[in-house]
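Engineer: Sequence:
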Amino acid sequence: MTTPRAPPALNDAQKGDLAELWGRHAPYQIISIGGSRGSGGENDDAGGRGRGGRYGGRGRGRGGGGGSAPSGVAPTTVAPMTLEDEDYHFICRLYSFLRWNLDCLEGVWRERQWRLERKFRREERERRRKKREWCDVNSDKDQNEKESDESDTGGRDDDVAGGQNASDATKMEESCRDSRTVNSLLVLFRKVKVRNKIIMDNNSTVGSESTIIVAPRIRGGKQIVSFDHTSFIQEFLSYENNGGASNEPSINGTFESYLGNFPDRAIASLGCSIGLVVLTLWRRHQQFLNPNSNPLQYNQQQQQPQSQLHPQLATLQTTIYKPRFYNLTPPCHLRLSRIRTSTVGHLISLRGTVTKARPKRLRVLDAGFTCAKCGLHQIRTFVDGKYSSPTQCEDLKCKSGKFVLNRKVANFCDVQELKIQECREEFCED
Numbered sequence: 291m292t293t294p295r296a297p298p299a300l301n302d303a304q305k306g307d308l309a310e311l312w313g314r315h316a317p318y319q320i321i322s323i324g325g326s327r328g329s330g331g332e333n334d335d336a337g338g339r340g341r342g343g344r345y346g347g348r349g350r351g352r353g354g355g356g357g358s359a360p361s362g363v364a365p366t367t368v369a370p371m372t373l374e375d376e377d378y379h380f381i382c383r384l385y386s387f388l389r390w391n392l393d394c395l396e397g398v399w400r401e402r403q404w405r406l407e408r409k410f411r412r413e414e415r416e417r418r419r420k421k422r423e424w425c426d427v428n429s430d431k432d433q434n435e436k437e438s439d440e441s442d443t444g445g446r447d448d449d450v451a452g453g454q455n456a457s458d459a460t461k462m463e464e465s466c467r468d469s470r471t472v473n474s475l476l477v478l479f480r481k482v483k484v485r486n487k488i489i490m491d492n493n494s495t496v497g498s499e500s501t502i503i504v505a506p507r508i509r510g511g512k513q514i515v516s517f518d519h520t521s522f523i524q525e526f527l528s529y530e531n532n533g534g535a536s537n538e539p540s541i542n543g544t545f546e547s548y549l550g551n552f553p554d555r556a557i558a559s560l561g562c563s564i565g566l567v568v569l570t571l572w573r574r575h576q577q578f579l580n581p582n583s584n585p586l587q588y589n590q591q592q593q594q595p596q597s598q599l600h601p602q603l604a605t606l607q608t609t610i611y612k613p614r615f616y617n618l619t620p621p622c623h624l625r626l627s628r629i630r631t632s633t634v635g636h637l638i639s640l641r642g643t644v645t646k647a648r649p650k651r652l653r654v655l656d657a658g659f660t661c662a663k664c665g666l667h668q669i670r671t672f673v674d675g676k677y678s679s680p681t682q683c684e685d686l687k688c689k690s691g692k693f694v695l696n697r698k699v700a701n702f703c704d705v706q707e708l709k710i711q712e713c714r715e716e717f718c719e720d
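291 is the number of the first residue of the sequence shown in our numbering; add one for each residue after it.
Some clues are possibly wrong.
[Stated by the list, open to error] List time: in silico DSSO-like cross-link candidates among lysine-lysine, alpha-carbon distance up to 30 Å: (1) K676 x K512; (2) K709 x K692; (3) K663 x K646; (4) K612 x K483; (5) K663 x K689; (6) K663 x K709; (7) K663 x K612; (8) K483 x K305; (9) K709 x K676; (10) K676 x K689; (11) K687 x K676; (12) K612 x K481; (13) K612 x K512; (14) K612 x K650; (15) K421 x K512; (16) K512 x K646; (17) K646 x K709.
Don't read these hints as lab results, they were simulated from the structure.
Using the sequences and the hints, build the whole thing.
Structural biologist: Here you go:
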């Protein structure tokens, strides 16, 4: 086994993209902003374990004064999780793995293009040879044909070189064909033919040639990418064992354990890594289209208003990538009778019989509220669709508790509730 190497560091453009991607993909958590877990008693504003406090926290001990909030209820707020070092490290590792898969796919496409061009050159030489045999030409024309044949010697050399690398190209093509990760990513990427400049050693341009690159599809909104869990874990481990992993595997662990113990963070990290690949390959495509520009570097374009951004970049900055896993590995399989409170927050796979399916309905994700006193507008996010209005205005001078719901800026999603029961086969095993 080779010594694993550290994942590549992100450049300035990718770090700026990651900050925006994590803001769209970060899972939300409920944070208590006061109430029954404070110190109580001595600090009236904190409202603590005593009876007093500003928010009327209830508990043991002696508090000071009555609060304005309902007794026994601690006000909470919903906030996105911050990007931790472990999340950043896995994002870099996943980005390197996904980019490697797409680079292999790009190499296969280029090899196919080279084979077609080589076949075309061979047919063209054969057509010229038959034409010389069929036509009665003079010596001048024969000389011209010989010169044209001499100009095609480079093509013959390419054929010889291609024969030597044919076995390597065949192996790469078979690996890409068998990779389910590549097949899953094809939903977001496409094959594009561009012109690449030929630059000599003295930095002089002598011409251009066509080449094949992988470019993202310009799509906005929510994009669902389905991965085979078993194949993804095996391919990721194989890639890391061959030199693409972190140099601290014992500290950061494997992605399988990270996904099983922290599925919300792991799925968000995978979504951010997919977004990084999309934006990086989009900038590379723009560099082929506009050679004079340098879109790979982080510039002031992302800090401009949305109306002044590139149309495609403005669309990609609204995309949310939702990875989904199927065919989970055996450690994630769990029977219905063995579900405990310890499995809450972990990734599991259940097998059962659907006994009831309720119709689809809308679930509110976030909504806007306007303060009835000062008119301040604020957005409130709901976790798991649990609706709750703000308890206090964000304006420090107002602090009103009355709000008006603004339904026009609310976001919804479709949900469906299924009821399952344990399979008869598993029930008979007991």
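Engineer: Output the indices of the hints that this structure fails to meet, ascending.
Structural biologist: 2, 3, 6, 7 and 15
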